[in-house]
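J.: Sequence:
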Amino acid sequence: MSEAQSIQWFPGHMTKTRRQIEKSLKMVDAVAELIDARIPISSRNPILGELIQKKPRVILMNKSDMADPSATKKWIHFFEEQNIPAIALDCKSGKSLNEFIPLVKKVLAPQISAWQKKGMVGRTIRIMVVGVPNVGKSSLINRLSKSSKSNVEDRPGVTRSNQWFTIGKGFDLLDTPGVLWPKFEDKIVGEHLAFTGAVKDDILDTEQLASRLLELLVRIYPQKLCSRYKLNETDLQKLEGWKILQSVGKKRGMLISGGEIDTERASIMILDEFRSAKIGRITLELPEENK
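The opening position of the sequence shown corresponds to residue 14 in the working numbering, with each subsequent residue numbered one higher.
Just so you know, the hints here were simulated from the structure itself, not pulled from any lab data.
In this text, all values refer to a predicted model and were calculated from it rather than measured experimentally.
Think of the CB as a built atom: it goes at the ideal place given N, C-alpha and C, for glycine as much as any other residue.
The hints are all genuine.
Distance condition first, Cα-Cα at most 25 angstroms in a straight line; then the derived DSS-like pairs of lysine-lysine:
| id | residue 1 | residue 2 |
| --- | --- | --- |
| 1 | Lys291 | Lys237 |
| 2 | Lys200 | Lys256 |
| 3 | Lys87 | Lys291 |
| 4 | Lys67 | Lys118 |
| 5 | Lys105 | Lys237 |
| 6 | Lys182 | Lys118 |
| 7 | Lys87 | Lys108 |
| 8 | Lys237 | Lys251 |
| 9 | Lys159 | Lys182 |
Each pair of labels, with its calculated beta carbon distance range:
| id | residue 1 | residue 2 | range |
| --- | --- | --- | --- |
| 10 | Lys86 | Leu38 | 24 to 34 angstroms |
| 11 | Glu63 | Arg139 | 13 to 23 angstroms |
| 12 | Lys105 | Glu277 | 25 to 35 angstroms |
| 13 | Asp215 | Lys182 | 39 to 49 angstroms |
| 14 | Gly271 | Glu301 | 41 to 51 angstroms |
| 15 | Lys130 | Met40 | 20 to 30 angstroms |
| 16 | Glu63 | Lys119 | 23 to 33 angstroms |
| 17 | Asn175 | Pro235 | 35 to 45 angstroms |
| 18 | Glu273 | Lys119 | 56 to 66 angstroms |
Sequences are here, hints too, so could you generate the full structure?
T.: Now the structure itself:
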């Protein structure tokens with residue numbers, strides 16, 4: 014298997030974001046940590062974990078419509094074992110979003126009871142939404158607030174400042190910019206974030222990235238890969254990612270002058286089709302890998 018590329022992306026505004034989150038934690042009652050259901054390990058920012066550890070929290074596994082359903086069930090169970098309530102949802106379609114508010118109320122039940130004893134019946138609950146770039150925070154806010162006021166684009170780094178939204182009687186959400194951490198100690202973490210679009214493509218070697226993704230898919234989802242690109246599974250087991258990339262490009266007729274395979278175009282297509290689940294519902298990380 015080829016070597017993972019060293020990926021680092023930490024724009025200056027992310028340092029400011031971290032300070033904003035730390036300061037804003039004093040104003041909220043709970044934290045909703047949005048993660049990518051396809052990469053539940055890599056999409057959990059350890060810095061955010063350190064900052065919010067004392068606050069009640071829930072985990073929202075977004076993009077579950079693109080993840081392997083059996084793997085998602087394992088992750089829900091894993092988080093519950095860690096005493097962190099979690100639900101799988103899809104912010105774009107709104108699937109399972111109706112479970113969010115009841116889950117927050119359940120987590121905050123002791124606090125809500127204490128407020129009521131003090132005569133603070135109906136006190137507004139304030140929830141902060143945190144996560145890595147491009148994980149779907151703005152889509153979540155827009156679905157819950159039934160508006161399109163929060164910027165939504167399928168690229169990382171769109172939201173640049175904290176924004177408050179009312180999502181119904183008695184609930185306010187604080188949307189925060191996506192934040193990574195200064196250095197990925199494990200190259201695989203950076204790579205998985207890049208696969209899913211949490212890192213800007215223009216700083217990446219997309220051909221190497223696509224080659225690495227193909228090698229990983231051959232190992233964990235060979236049938237889905239072969240079905241999508243009409244490849245032979247037996248042959249693939251012997252090939253490195255670069256050769257598979259060339260095979261895919263050839264199958265799709267991506268040729269340039271002289272009959273040479275346009276691997277750059279093929280790599281962009283493969284990454285796009287993975288990110289849109291055209292290859293299939295895929296989860297790259299399992300709970301047992303986090304133990």
